[in-house]
Amino acid sequence: MENRIRCVGGRRQYSKHSRRLFLIACFTLLVILATVFSIFKGTLHFSLPDALAVLTGNCPDRLTRHILLNVRLPRTLVAALVGLNMGIAGALLQGLLRNPLASPNIIGANSGAGLAAVIVMCILPGNIKMLPPAAFLGALLAGMIIYTLSRREGSSSNVTIILAGVALSALFTAFTSAIMILHSDELGITYTWLVGSLTGRGWPYFSIIWPYSLLGALAAVYLSPRINLFMLGEEVGKNLGLSIEVSRFFIIINASILAGSAVSVAGTIGFIGIVAPHLARMMIGNDYRYLIFLSGILGSLLLVMSDTLARTLFQPLEIPVGIITATLGAPFFFFLLYQKRSSLLSS
Amino acid sequence: MVKSKYLLIGFIAVFLSAAMAGCGTQPQQAATDSDDKQSEVRIVRDDLGREVQVPEEPKRVLALNSSMTEIVFDLGVVPVGKVSEYVISRPEARDLPGISFENTPNIEMINKLAPDLIIAHAKNHAAILDSLEATGAAVVCVDPSKAEDQLVGRIDLIGEVLNRQGEAAAYAKKVEEKSARLREKIAGSPIKTALFIQGGSQNILAAQSFCFWGRLLSDLGIENIVPLKVSDTAKSGFITFDIETIIQKDPDAVLVLQPGFRSGDGQGKGKGQGAGANSNGPGPAENQSQNTGAAKSMSPEELLAIYQNDPMWKQLSAVKNGKLIIVPANIAPGKINGLEALDVTAQLIAPEAFE
Chain A
1 MENRIRCVGG
11 RRQYSKHSRR
21 LFLIACFTLL
31 VILATVFSIF
41 KGTLHFSLPD
51 ALAVLTGNCP
61 DRLTRHILLN
71 VRLPRTLVAA
81 LVGLNMGIAG
91 ALLQGLLRNP
101 LASPNIIGAN
111 SGAGLAAVIV
121 MCILPGNIKM
131 LPPAAFLGAL
141 LAGMIIYTLS
151 RREGSSSNVT
161 IILAGVALSA
171 LFTAFTSAIM
181 ILHSDELGIT
191 YTWLVGSLTG
201 RGWPYFSIIW
211 PYSLLGALAA
221 VYLSPRINLF
231 MLGEEVGKNL
241 GLSIEVSRFF
251 IIINASILAG
261 SAVSVAGTIG
271 FIGIVAPHLA
281 RMMIGNDYRY
291 LIFLSGILGS
301 LLLVMSDTLA
311 RTLFQPLEIP
321 VGIITATLGA
331 PFFFFLLYQK
341 RSSLLSS
Chain B
1 MVKSKYLLIG
11 FIAVFLSAAM
21 AGCGTQPQQA
31 ATDSDDKQSE
41 VRIVRDDLGR
51 EVQVPEEPKR
61 VLALNSSMTE
71 IVFDLGVVPV
81 GKVSEYVISR
91 PEARDLPGIS
101 FENTPNIEMI
111 NKLAPDLIIA
121 HAKNHAAILD
131 SLEATGAAVV
141 CVDPSKAEDQ
151 LVGRIDLIGE
161 VLNRQGEAAA
171 YAKKVEEKSA
181 RLREKIAGSP
191 IKTALFIQGG
201 SQNILAAQSF
211 CFWGRLLSDL
221 GIENIVPLKV
231 SDTAKSGFIT
241 FDIETIIQKD
251 PDAVLVLQPG
261 FRSGDGQGKG
271 KGQGAGANSN
281 GPGPAENQSQ
291 NTGAAKSMSP
301 EELLAIYQND
311 PMWKQLSAVK
321 NGKLIIVPAN
331 IAPGKINGLE
341 ALDVTAQLIA
351 PEAFE
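Just so you know, the protein sequences line up as chains A and B, in that order. Each residue of the first sequence is one higher than the one before, starting from 1 at the first, in the numbering used here. Each residue of the second sequence is one higher than the one before, starting from 1 at the first, in the numbering used here.
Only chain A is shown next, with the shape it has when bound in the complex (with noise of 0.2 Å):
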C-alpha cells in the first residue's frame, strides 16, 4: 500500500515537474517567434527572400542587410535582454519580500537609475556617453543604501526593506524632479528616458547589458533555492539552514545588478518587474526553480512584443516602449483584482 502510494506521488511529482518544464520550453519557443517576428516587422517592408538572403549572407542590398542585422536584430534582443532582467529582478523581490507588489522599484532601481540618468542629461549633457554606467551605478548604489537603511541591530526585515525602499525613492524622485524643473528645456529628452525608450538601441548597447543578464540569471537560478526558503517564512528557512541577511544581501544585490543593467540601456521601463513574475506564478506556482526561468521568458516576450508595437502601431512614429507596457500592465492589474475579488467572493 505505502509502495503505491509513493509510486503514485512519485508520478504526480514527475508529470508536474515535465508540465512545467513543457511550459518554459513552449514559452522560450514562443520567444524565439516573437524575436524572429519583430525583426521582420517595421516600418520599411522587406520579402521573405530578401530577408533569408540577409541570414545566409547572400544579400547584396546595403539597406536590408543593415536595417535588418543592425538596427532591428540589435535592438530586438536588448528588448528580450532588459525584458528578462525586469522579469527575474521582479520574481527575485516578490519572492525575499513575500510581497506580490514588490518590484525593482521597491529596492529603488528606477529612482536611482533616473536620477543619476537626469543628472548626466541635464548638468553633464557633454557626457552622455556616461549615461548607462551612470544609471547602473545610480541603480545599484540605490539598492545598497535601502539595505543598509533597512538593516537594524545586524539585521533587516521585509518591512524596513520596503519602508527604505518607499522612502529613498521618494528622495531620489523629488531631485529628480528638481533638477527637471530646473532645465525644463531638456524636458522632452528626460521625460522620454523616464518612461523607457528602446528608439536606436543598437550593437553597443547588446554589448553593455548582455554579461549583466547571463550573469544575473546564473545568480538568480544558483539562489532560487534560497527564495523558496524564504517563501516558508524567515524563521522556518532559518530552522533549514539558511543563512538569512547573507541570502537577503546577494538577492537584493543580483535584483539591482540586473534591474541596473535593464534600466540604463532602456530607461525606466514599467510594469514588467511586476506582471512577468505574477504571469509565471499563475501558470506554473511558486516553486522558484521554475519561476527564475519562465518570469525572465515571460519579461522577454514581454517587452519584445511591446516594443514591436511601439515601433509599428503608429509607423513610421515611434512611441516610447514604457507606454505599451504601462498600457497593458494596467488592465492586468484589473485582472488580478477581478479574481481576488471572484475568489473572495467565492470563499
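Hints listed in this document are in silico derivations from the structure and should not be mistaken for laboratory results. Relax, there's no trap hidden among the hints.
Among the chain B residues that face chain A by a calculated CB cut under 10 Å, a handful are:
(1) K123
(2) I128
(3) A134
Under the rule of at most 16 Å between Cα atoms (straight-line distance), these lysine to aspartate or glutamate pairs were calculated in the EDC-like manner:
(4) A/K129 with B/E133
(5) B/K185 with B/E355
(6) B/K146 with A/D185
(7) B/K314 with B/D252
(8) A/K129 with B/D130
(9) B/K173 with B/E340
(10) B/K314 with B/E244
(11) A/K16 with A/D287
(12) B/K59 with B/E160
Over the 10 Å line for every Cβ pair with chain A, so calculated as not near, a few chain B residues:
(13) R90
(14) E92
(15) A93
(16) E167
(17) A170
(18) K174
(19) Q315
All residues carry an ideal CB built from backbone N, CA and C; glycine is no exception.
Once you have looked at the hints, place chain B on chain A.
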C-alpha cells in the same frame, strides 16, 4: 481557477494579436544605396566637441529637430525629411516624409532616406549617436542652448556644416535689421517693460532673457522684468517666478503664451494671432480657427479670464490697462520663423503702430 486560467490565456492571446495587428506593412521599398558619398570632405567641430568629417557640399540633409529643420530651410536647403514636431507650413516641407518624433526618431526611416548629413540635437540624440552614424551619414551634434541669439539659433554652426556661411550671416543680419525696424516702429508705445509667461499653468513660468521668448522682448527694445541669470543652475528658457516680484516690478505688459507650445499644436502661421485685454488684436474667433491646437485645450478668452479674475493679477497695471496679451502657441522655436515671430510679437504689443 480554471476560469482564471482561461482569462489569462485570453489576455495573452489579445496581446499577441494586438501586436500582430499593429504591425501593418508599409508598401515602401528600400531606397537607394548611399555609397556614392561626396569624395571631398571638410572637418567641422560640433557642439559635443567632436571633429566630424562632413561632405564639402551635402546633398541629402536631415535635421532631427524642428528648429534646426527651419534653420536648414532658412539657409536655402531642402532637407530630405522632417520630424513630426515641424509644423511650419512651407510649401517645400509639405510632402517631406516624416521620421517620427524628435526624441524617438525612426532609425529605419532615416536609413531609407539615405542622408549624407544628419544634424542631431547634442542632448537629445547623443545617446543614439552610434545608430545614427551607422547609417553612413556624417552626424553633427548641435546644441541650441549654445546659440548667442535664440532667434536665429545655431545658424552659424549649421551654416558652416552646410557650407553656407554667407547665407547664415545674411540671415542673422536680416533678423538684426528687422529687429531695428520694429524697435523703431513701436518706440512710441507706452510699453517699456514686460514679462513673458507660460499660460494655463498654476505656477508662474516666466521666460528668461536669453531664451527665444525673452529675446523677442529684448530685440523689440522692451525690458524683461526677469533679471539676467536668475540662478546659475537654471538653464531652462522658462523658470518658476514669484508673483511678489511681478507685483513689485509691475510690468507694462504681460505676454501669456498659450498652452501647447511644446506639443506641436500650433498649426497657424502666427501672423495676426493672439487676443489681448486690448481690443486691437484680432478677435477670439479668428484666433480659435487659426490656432487649432491651443484652442482645443483653452481658448484665448478662457485663458485671459484666468488672469483677469485672479485677485493677484488684476491689480497689475498691465491687466488694468488691457495689456495682458495672449500669444499664440506657435510662437516657439521650430514652430515659427524667427523673423515672423518678431513681426507677430510686435503687432501684439503695439497694434496701434501697425494701423
